[in-house]
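**Q** From first to last, the protein sequence lines stand for chains A and B. Using my numbering, read the first sequence as starting at 1 and increasing by one per residue. Using my numbering, read the second sequence as starting at 1 and increasing by one per residue.
Please note that a few of the clues may not be correct.
The following label-pair restraints were derived from C-beta to C-beta distances [to be verified]: (1) B:E159 <-> A:M1: 18 to 26 Å; (2) A:L16 <-> B:D155: 19 to 27 Å; (3) B:D24 <-> A:G90: 17 to 25 Å; (4) A:N20 <-> B:V161: 25 to 33 Å; (5) A:G11 <-> B:L149: 40 to 48 Å; (6) A:S52 <-> B:G23: 42 to 50 Å.
Honestly, the hints are just simulated from the structure, not real lab data. Beta carbons: idealized from backbone N, C-alpha and C, even for Gly.
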Amino acid sequence: MQKFLSIPVTGQQSQLVSANDIKLIEQFSTTAVKIYYGGGKVTSITHATAASGNEEMRDAIQDGVVSILSQRWTNVSIDLVMPKAVSDIGIA
Amino acid sequence: MEKFLNVPVYSLIMNGTSVTPVGDADLTDTGNVFANVSVGDIVHESTGNKYFVVTSKIDSNNLTLTALDGGTLPIVSGKSFFIHSGSSYNNQLVSIGDVGLIEQLSTSTTTIAYDGPSATDLVTLVHTPVASGSEAMRDQVQEQMEDALITSWTDVAPEPVFVNQKVIGISIG
Numbered sequence: 001m002q003k004f005l006s007i008p009v010t011g012q013q014s015q016l017v018s019a020n021d022i023k024l025i026e027q028f029s030t031t032a033v034k035i036y037y038g039g040g041k042v043t044s045i046t047h048a049t050a051a052s053g054n055e056e057m058r059d060a061i062q063d064g065v066v067s068i069l070s071q072r073w074t075n076v077s078i079d080l081v082m083p084k085a086v087s088d089i090g091i092a
Numbered sequence: 001m002e003k004f005l006n007v008p009v010y011s012l013i014m015n016g017t018s019v020t021p022v023g024d025a026d027l028t029d030t031g032n033v034f035a036n037v038s039v040g041d042i043v044h045e046s047t048g049n050k051y052f053v054v055t056s057k058i059d060s061n062n063l064t065l066t067a068l069d070g071g072t073l074p075i076v077s078g079k080s081f082f083i084h085s086g087s088s089y090n091n092q093l094v095s096i097g098d099v100g101l102i103e104q105l106s107t108s109t110t111t112i113a114y115d116g117p118s119a120t121d122l123v124t125l126v127h128t129p130v131a132s133g134s135e136a137m138r139d140q141v142q143e144q145m146e147d148a149l150i151t152s153w154t155d156v157a158p159e160p161v162f163v164n165q166k167v168i169g170i171s172i173g
């Protein structure tokens, strides 16, 4: 059962990010949240600068993950409203 | 069915380096850096990896402490320390899917290893200490994981209750 977060990216409309097999979500810096998956894949979400110690971007992603995973299988993705503008999403 | 523990992580208030303790103080710094510190907050003296709890605030530069794991008081000059709230926390999701093993790695760290080959398939919880030789935090994580896994699939991220231990940091890899 595949589930995704639909994250708006400035100038690119929205991009789907997997909500499956996530091990940990981290506020990596004031401008990046990282999603760590099983097997070592890491998705980085680059965003406008948050205050030091502020974790609202991580929390928004966590809330989205919990919400979409608790919905029936026909709801494949959830549109997230991010507290900071997202400028890029990448995976490594 | 994806499941997480929604772990409360007690917030970092400030960090610094100790100076020579003044009077009855167990921890002294300068610049009124303890202005936001309260009784019950957690002090992690990271140089010696010892934990304390704040028992009184003499003023915004001086604290008295109680050792949680045998640390020497007062804390002498030149020790790095971090102070976490004893009451305020944010929650961080920790996966309980594909868990291979949960270990009490040290008195203040518990690891969750996942069934994968990657170095990032290891999550470390840093917490206030258990007694030497005790595996109390490992047991609590195990029990909370079991409890979470038998709840409805729609209950994706229950918040665990850890008796006597407080998590102050979570990392991966």
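**Q** Against each hint, give a clear statement of whether it holds in the structure.
**A** So, going through the hints one by one against the coordinates:
At roughly 24 Å, the beta-carbon separation of E159 of chain B and M1 of chain A lies within the given 18 to 26 Å, and the hint holds. In this structure the hint that L16 of chain A and D155 of chain B lie 19 to 27 Å apart at CB holds, the actual value being about 25 Å. Between D24 of chain B and G90 of chain A the C-beta distance comes to about 54 Å, which lies outside the given range of 17 to 25 Å. Hint check: N20 of chain A to V161 of chain B, Cβ distance near 27 Å, so the stated range 25 to 33 Å holds.
Take G11 of chain A and L149 of chain B: their Cβ atoms lie about 42 Å apart, and the range 40 to 48 Å holds. Distance hint check for S52 of chain A and G23 of chain B: the Cβ-Cβ separation is about 33 Å, which falls outside the suggested range of 42 to 50 Å.
Checked against the numbered hints listed earlier, the structure breaks hints 3, 6; every other hint is satisfied.
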